[in-house]
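Colleague: Sequence:
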Amino acid sequence: MAKWRRNVLEQVVTSLGLSVFILAGQVIIRVIKGKIHWRNTLKQLCANPVDYLVTPRVIASCIALPFFTLMLFTVGMVVLA
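In the working numbering, the protein residues as written are 1 to 81.
Certain hints may be false.
As the list claims (entries may be wrong) - Restraint-style ranges between C-beta atoms, simulated for each label pair:
1) Val79 / Leu18: 43 to 51 Å
2) Leu18 / Leu53: 24 to 32 Å
3) Leu65 / Gly17: 28 to 36 Å
What the hints assert, rightly or not - Derived pair list, reagent style SDA-like, types lysine to any residue, alpha-carbon separation capped at 25 Å:
4) Lys3 / Gly17
5) Lys3 / Leu23
6) Lys33 / Leu23
7) Lys33 / Val20
8) Lys33 / Ile22
9) Lys33 / Val13
10) Lys3 / Val13
Since the hints were made in silico from the structure, they are not lab data.
All C-beta atoms, glycine included, are put in the ideal place defined by N, C-alpha and C.
Could you build the full structure based on these sequences and the hints that come with them?
Modeller: Shown next, in the form of structure tokens:
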């Protein structure tokens, strides 16, 4: 991989990691101050729980199921050959 690509990739990963820590810190500070309670955190952050909890899992299972089926089929063919 070219050196400049590696540098760009490192910068992207670093910035994403940093933003995750900043967001997590803001949530923790709000919880400590008592502005957000653990029971209904997503509701207080004005987020629909279905969008953040159910939808990604459904999409992931729709993507993963054919992949795992193909992978197990391939392993079975190799073992039987």
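Colleague: Which of the stated hints cannot be reconciled with the structure, identified by number in ascending sequence?
Modeller: Those not satisfied are hints 5 and 9.
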